[in-house]
Amino acid sequence: MSTWDRFVDTFFNGKVMLKYLPDILSGMVVTIELAVLIVLSGLAAGLALALVRSLAIRPLNWLIIFIVDLFRSLPPLVIIVLMYFGLPYAEISPSGFVSTWLSLAFVLMAFSEEIFWAGITSVHKGQWEASRSTGLSFGQTLINVVLPQALRLTIPPLTNRTIAITKGTALGTVVAVTEILGEASSAVSNSYNPSPLMMGAAAYLVLFLPVVVLARRLETKFAWKR
Amino acid sequence: MTKPIVDARAIHKHFGALHVLKGVDLRVAERELVFVIGPSGSGKSTLLRCLNRLEEPSSGSIVVDGIDMLDPRTDINHARQRIGMVFQSFNLYPHMTALGNVTLALRKVAGKSRAEADRLGHAALERVGLADRAEHTPGQLSGGQQQRVAIARSIALEPRVMLFDEPTSALDPELVGSVLEVMRSLRESGMTMIVVSHEMGFARNAADRVVFMDDGLIVEQGPPAAIFETPTHERTRAFIGQIQRH
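Top to bottom, those sequences are chains A and B.
Everything in the first sequence is counted per this note's numbering, starting at 185 for the first residue and increasing by one.
Everything in the second sequence is counted per this note's numbering, starting at 775 for the first residue and increasing by one.
Just chain A, with the same shape it has in the complex (with noise of 0.2 Å):
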């Protein structure tokens, strides 16, 4: 057997593949939830944040900015288990897959705020003092003047920052979530073989690809002529 035999039967062996192709699938299915749960409470939630501090509520903001700074700074590991394990002493009970949902979801909610609340902070304060100077009200014109600014800014920041929280469904692992990478790293322990890793990584890109590619549609489409 050549070097390069050995390589292929080890990393990717046809008949282990096989095997395990449908736990990965499932993982598959199981990831894509989360990451969807994920994406979409995160970013709503990071949003709902943002706007709320751009009431300037003194009281509010230095909440916001303070469970803002938290999650910014703890590792998404450390939130995931803390909540697995922790939370039951509270009598509360969530489940693997709910404790790697609401861990990553506050992350995201978290790093979105500060992202949108910079592309609010950064449209001119000329666009407000126009929009309120033809009598739209604070929140017509934080809808329809300075949200299409701020957001057409916030995408790269944002998709960058979402890719990289919801690669973190992979920490589910941890509190026993079968998404992709448990799947794989089960069929690995399984197997005494290591292709199910590639498989993994392969589901992870046919993924993740898309939405890279999706967010560059978006950035072209935000992208009004100057």
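Source of the hints: derived by calculation from the structure; they are not laboratory data.
Among the clues, some could well be false.
[Stated by the list, open to error] Taking CB as the label site, the calculated pair distances span:
#1 ARG256(A) with THR848(B): 23 to 29 Å
#2 LYS351(A) with SER833(B): 56 to 62 Å
#3 GLY913(B) with PRO340(A): 15 to 21 Å
#4 LYS309(A) with HIS788(B): 16 to 22 Å
#5 ARG401(A) with ASP845(B): 20 to 26 Å
#6 GLY913(B) with SER321(A): 22 to 28 Å
[What the hints assert, rightly or not] Below, computed lysine to aspartate or glutamate pairings styled on DMTMM-like, alpha-carbon distance capped at 25 Å:
#7 LYS309(A) with ASP946(B)
#8 LYS796(B) with GLU940(B)
#9 LYS777(B) with ASP982(B)
#10 LYS796(B) with GLU313(A)
#11 LYS777(B) with ASP842(B)
#12 LYS309(A) with GLU890(B)
#13 LYS886(B) with GLU909(B)
#14 LYS309(A) with GLU994(B)
#15 LYS309(A) with ASP849(B)
#16 LYS886(B) with GLU313(A)
#17 LYS309(A) with GLU830(B)
[Said to hold, decoys possible] Some chain B residues close to chain A (C-beta under 8 Å, calculated; not the full set):
#18 GLN855
#19 SER863
#20 GLN1016
Note that the coordinates shown come from a computational prediction; the quantities given were computed from them, not determined experimentally.
Every residue, glycine too, gets a C-beta built ideally from N, C-alpha and C.
With the hints as your guide, set chain B onto chain A.
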């Protein structure tokens, strides 16, 4: 003066320790064009911005078209429709077309349907000579055109008063004329206008009254000829002398 349409009395404005307006009285009659001049930092822009409450005066009273602007019960968003404002830096919404800029407040504040707003928007763009630029975004327009769209955005709401805050200061010299021309036609249509600007030529032949401000106070006011040819105050003389040397 008959009942003034703008009646501001004893306006004071503090920015922290800075006393920017030190008790300004300004009454403007209907159809009058008042020019406000003065050195930078004299408070003329702040005065203008107090009139539609973009700045909150520290004290004083402001009544515009019978509406007490400083009364907390006044619906300020409603009142602001009657007071158009044009800014030095145009402040067009870059993500909308010229028509979109003009129709936003028509739809959201004046409650017009999209079709009706579009009709009024086109009419306003026509008045500023930009009927053929309705679908252009601000980035595709010259500075002069952008400022005219900004004027259209204000006049589309049929305001009772128009405030101009250095409307030509950010423009290249060759583009100033087109904006002044629009302002002149507005004046001919009987619009009440308060203009903060350094366009002395325009002031001379279009203004009814020139107000000279310095250090947060109105120092002197009168017909353009009187202010420019025979100013009575030393500070006015010095300022007029300075700008006429250029």
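Here's how the hints hold up against the structure:
1. ARG256(A) with THR848(B): 23 to 29 Å: Since the Cβ atoms of ARG256(A) and THR848(B) sit about 43 Å apart, the hinted range of 23 to 29 Å is violated.
2. LYS351(A) with SER833(B): 56 to 62 Å: Because 58 Å falls inside the window, the suggested range holds.
3. GLY913(B) with PRO340(A): 15 to 21 Å: 20 Å Cβ-Cβ, so the 15 to 21 Å window holds.
4. LYS309(A) with HIS788(B): 16 to 22 Å: holds, 20 Å
5. ARG401(A) with ASP845(B): 20 to 26 Å: violated, 50 Å
6. GLY913(B) with SER321(A): 22 to 28 Å: Once the Cβ atoms are compared, 27 Å apart, the range 22 to 28 Å for SER321(A) and GLY913(B) holds.
7. LYS309(A) with ASP946(B): holds, 23 Å
8. LYS796(B) with GLU940(B): holds, 22 Å
9. LYS777(B) with ASP982(B): holds, 17 Å
10. LYS796(B) with GLU313(A): Distance ~24 Å between LYS796(B) and GLU313(A) Cα, so the pair holds.
11. LYS777(B) with ASP842(B): Between LYS777(B) and ASP842(B) the Cα gap is close to 14 Å, so the pair holds against 25 Å.
12. LYS309(A) with GLU890(B): With Cα atoms ~30 Å apart, LYS309(A) and GLU890(B) exceed 25 Å; violated.
13. LYS886(B) with GLU909(B): holds, 20 Å
14. LYS309(A) with GLU994(B): violated, 32 Å
15. LYS309(A) with ASP849(B): holds, 22 Å
16. LYS886(B) with GLU313(A): The hint holds at about 22 Å.
17. LYS309(A) with GLU830(B): holds, 16 Å
18. GLN855: Constraint on GLN855(B) satisfied, holds at 4 Å.
19. SER863: holds, 5 Å
20. GLN1016: Since chain A brings no Cβ nearer than about 28 Å to GLN1016(B), farther than 8 Å, the hint is violated.
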